[in-house]
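Colleague: If you read the sequences in order, they're chains X and Z. Using our numbering, the first residue of the first sequence is number 1, and each one after it goes up by one. Using our numbering, the first residue of the second sequence is number 1, and each one after it goes up by one.
Fair warning: there could be bad hints in the mix.
Label-pair restraints from in silico Cβ distances [what the hints assert, rightly or not]:
1) Z:P20 <-> X:G121: 53 to 61 Å
2) Z:N413 <-> X:A10: 28 to 36 Å
3) X:A63 <-> Z:V390: 27 to 35 Å
4) X:T130 <-> Z:P20: 40 to 48 Å
5) X:E113 <-> Z:R288: 38 to 46 Å
6) X:L75 <-> Z:F14: 49 to 57 Å
7) X:S69 <-> Z:D389: 26 to 34 Å
Source of the hints: derived by calculation from the structure; they are not laboratory data. All residues carry an ideal CB built from backbone N, CA and C; glycine is no exception.
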Amino acid sequence: MRAIRWVALAIVLVGVFYLWGALQIRESTTYAAVGPRFMPNAIGIGIILSGIWLFAFPGASPAPDSPLSVSLDWLSIGLMLGVVAAYIAIFRMVGYVLATTLLLWGGAQILGERRHLMRDGVIAVVLSATIYYAFSQLLRINLPPGPLGF
Amino acid sequence: MFGGDIWANLVSGFGVVLTPQHLFFVMLGVVIGTAIGVLPGIGPSLTISLLLPVTFGLEPISAFVMFGGIFYGAMYGGSTTSILVNTPGESSSVVTAIDGFQMAKKGRGGAALATAAIGSFFAGTFATLMLMLMAPLLVRFALQFGAPEYFALMLLALSAVTGLAGQSAPKAFFATLLGLGLGMVGIDLQTGQARFTFGNLNLLGGIDPVMVAIGLFAVGEVFWAAGTLKRTFEETVTLRGSLLMNREEWQRSWPAWVRGSVIGFIVGVLPGAGATIASFLSYNAEQRFAKGKAELGKGAIEGVAGPEAANNASAGGALVPLLALGIPGSATTAVMLVAFQIYGLRPGPLLFQQQADLVWGLIASLYIANLALLVLNLPMVRMWIKLLDVPKPMLYTGILTFSLLGVYADTQNTFSMVLLLLLGLLGFLLRRYDFPLAPVVLGAVLGPLIEQEFRRSLAISVSDYSVFFTRPLALVLMMLVMMSFLVPLFNAIWKASRRRASVAAGTVGEIED
Numbered sequence: 001m002r003a004i005r006w007v008a009l010a011i012v013l014v015g016v017f018y019l020w021g022a023l024q025i026r027e028s029t030t031y032a033a034v035g036p037r038f039m040p041n042a043i044g045i046g047i048i049l050s051g052i053w054l055f056a057f058p059g060a061s062p063a064p065d066s067p068l069s070v071s072l073d074w075l076s077i078g079l080m081l082g083v084v085a086a087y088i089a090i091f092r093m094v095g096y097v098l099a100t101t102l103l104l105w106g107g108a109q110i111l112g113e114r115r116h117l118m119r120d121g122v123i124a125v126v127l128s129a130t131i132y133y134a135f136s137q138l139l140r141i142n143l144p145p146g147p148l149g150f
Numbered sequence: 001m002f003g004g005d006i007w008a009n010l011v012s013g014f015g016v017v018l019t020p021q022h023l024f025f026v027m028l029g030v031v032i033g034t035a036i037g038v039l040p041g042i043g044p045s046l047t048i049s050l051l052l053p054v055t056f057g058l059e060p061i062s063a064f065v066m067f068g069g070i071f072y073g074a075m076y077g078g079s080t081t082s083i084l085v086n087t088p089g090e091s092s093s094v095v096t097a098i099d100g101f102q103m104a105k106k107g108r109g110g111a112a113l114a115t116a117a118i119g120s121f122f123a124g125t126f127a128t129l130m131l132m133l134m135a136p137l138l139v140r141f142a143l144q145f146g147a148p149e150y151f152a153l154m155l156l157a158l159s160a161v162t163g164l165a166g167q168s169a170p171k172a173f174f175a176t177l178l179g180l181g182l183g184m185v186g187i188d189l190q191t192g193q194a195r196f197t198f199g200n201l202n203l204l205g206g207i208d209p210v211m212v213a214i215g216l217f218a219v220g221e222v223f224w225a226a227g228t229l230k231r232t233f234e235e236t237v238t239l240r241g242s243l244l245m246n247r248e249e250w251q252r253s254w255p256a257w258v259r260g261s262v263i264g265f266i267v268g269v270l271p272g273a274g275a276t277i278a279s280f281l282s283y284n285a286e287q288r289f290a291k292g293k294a295e296l297g298k299g300a301i302e303g304v305a306g307p308e309a310a311n312n313a314s315a316g317g318a319l320v321p322l323l324a325l326g327i328p329g330s331a332t333t334a335v336m337l338v339a340f341q342i343y344g345l346r347p348g349p350l351l352f353q354q355q356a357d358l359v360w361g362l363i364a365s366l367y368i369a370n371l372a373l374l375v376l377n378l379p380m381v382r383m384w385i386k387l388l389d390v391p392k393p394m395l396y397t398g399i400l401t402f403s404l405l406g407v408y409a410d411t412q413n414t415f416s417m418v419l420l421l422l423l424g425l426l427g428f429l430l431r432r433y434d435f436p437l438a439p440v441v442l443g444a445v446l447g448p449l450i451e452q453e454f455r456r457s458l459a460i461s462v463s464d465y466s467v468f469f470t471r472p473l474a475l476v477l478m479m480l481v482m483m484s485f486l487v488p489l490f491n492a493i494w495k496a497s498r499r500r501a502s503v504a505a506g507t508v509g510e511i512e513d
C-alpha cells in the first residue's frame, strides 16, 4: 500500500480522536441554539471524511526527482528534535544566553556537512548575548536570567 | 464616501505617515521584507508572526506601516534568489526562476533583477491605487452585512482556499479542517466551557494562530532542512553585466508588467488564490501574449517581468478583503488580522469609519513602501546577494532560535515552546506528504470567528437555519460556497472514472493530473 494511503488512515484516526475530544465538552444548558459542541463535531466528522476521500483519491505519486521523493536524513531530524527538547528543558534553569548558545551551536553542527566548531561557537555566543541584551534592556521583555544573571 | 473624499483621505493619510518615525518603520519594513524574501524558507506571513512580539510596544500605525513594507518587500525579495541561485525564496517566485535563472546564465541577470524591481514598483503602485478606489466602495456595500452574510463570506474564503490550494482537494480539505480544529481549542467565549484542553490550564486561552504559523512554517521548515540539507545541491551564478535594461528589454517588459499587474490584483482580491497562483497565471498569459514567447523558458525577460509584477499586485489585492471586510484570504493577511486583533482593532467597514487615520495612513504608507523598494533595492542588490553567503546551517538554526524566542517572549512560559515544537513536527509531516500549509493558518484564524457569526446568525433567527438561505446576499454566497466544494469533487470523480475507462481500454499511459 502506498504511503499516502497510510496517511489517509492516520487522518481518519485523528478525526476519531477529535470527535472523542468533542465528546468531553460539557454541553451548556443555556438558551443558545448552537452549543459549544456543534462546531467541533462538524470538524471531527469533516476530518474523517477528508481521510476517506484521500484514501479513495490519493492522487499521482510524486515524481522521482521531486524533493518529496528524497529519502530523508532521519538521524539529523531526530538529533534536531532532541536538541530543541533539551533546550526547552534547561532553558529556565541555565538562563537564556547559555541555553541559546548551545542550541545555536549544536543545531548548526547537526545541519552542516562540514564542522566549523570555532566559528559557529563565536556566532552562537555573540548572537545569543545580543538577543538577550536587546530583549531585556531595550524591549523590556523578560528572558530567563539563570543562576549567572544572564 | 464619494470620489472626492478618497483623495482628501489620502492626503490626510500622507499627513499621518510623513513623520520621521513612521517613515523609518516603512523603510525598516521594506528592508526586512526584502531580506526575508531573499532568504530561503521564510515568507512574509512568518516574518510578521515573528515580529509581532517585538512590535507590542509600538503605536499600531507604526506596526502596520511596517507590515505593509514587509509584505511588498518580501514579494520583491523572492525574485533575487530565483534569478541568481535558481532557488526561489518564496513559492510566489517559483516561476520567476524559470526564465530569470536562464537570463542570469546568459549574463543578463542584472536586467532580470531590474525588470523585477521596476515591475514590482509599477504593480505595487497600481494595486495600491486600486485598493484605495475599491475598498471604500466595498465598505459601503459591507455596511449592510449581518451575521449570516459574514458567516457565508468566511465559509467562501475557506472553501476557495480548499479548492485552490495545491493539487489535491482532499489534502486541502483536511488542512482547512485541521486549522479550524486547532482554532476550537480553549474556552468557548459564549458558554465558558473548556474545549480540547484535556485539563491543561495553559490551553485554556487557546492556541494562538500566530504560533500555528510560526510552528508550521518556521519550525517545520527547520526539520525539513535537517532532513534534506545534506542531500540537495545548488548552482549559483555570479552577477555579471550591467544592472540596466537595454531598449529592447524595456519595450518587452512594460506590456508584461501591465498584464501581470492586472492579473495579480484580481487574483489577490479573490480569497484563497494569492501570490503563487497570480504568478503562474501571469506566466500563462505571457506564454500566450508575449512578443518573445518563443524564447520563454530559455531566458525571456517577459517571464520575469510578468510574474514579478503579478505577485506584488496580488499583495495589494489581498489587502482589499482584509481591510474592507475583515476577512483574510491568505496566510499573510490572516496573520495581519491577528495583529489587528492584538491591538484591539477589528478590520472591516467600521475600521474605515472609526480609525480613518490608521487605514488611510496604511494606504499612504503602501505608496511610500513601493517607492522605497525601487530606490533601495536596485542599488543594494549586491548587498542582498551577500545575504546568501550566510551559511545555511546557521541560518536555519537562527530561524529556530527566533521562533522559540518569539513564542516565549509573548507567553512567558515554556509550555508554549513545547506546543511550538509539536506544531513544527506537524508542519514537517504535512510538508513531507505535500499538504498545503496556508489553509491551516487561515482555518486557525477564521475558526473562532466563523463559529461566532454562525451562532449569532442563529440567535437572530431564533434557531431557524433558513436564515442562511432566505437573505438574498447570503443565499448567493452560500451557492458560491457549494459550487467551490462540488467542482473539485466532480473533477476528482470524473478523472478517476476516466482513468478506469482508459485502463479498461488497455491504454495504460500517462494521465495528466
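Colleague: Checking against the hints above, which ones are violated?
Modeller: Hint check: 1, 4 fail, others pass.
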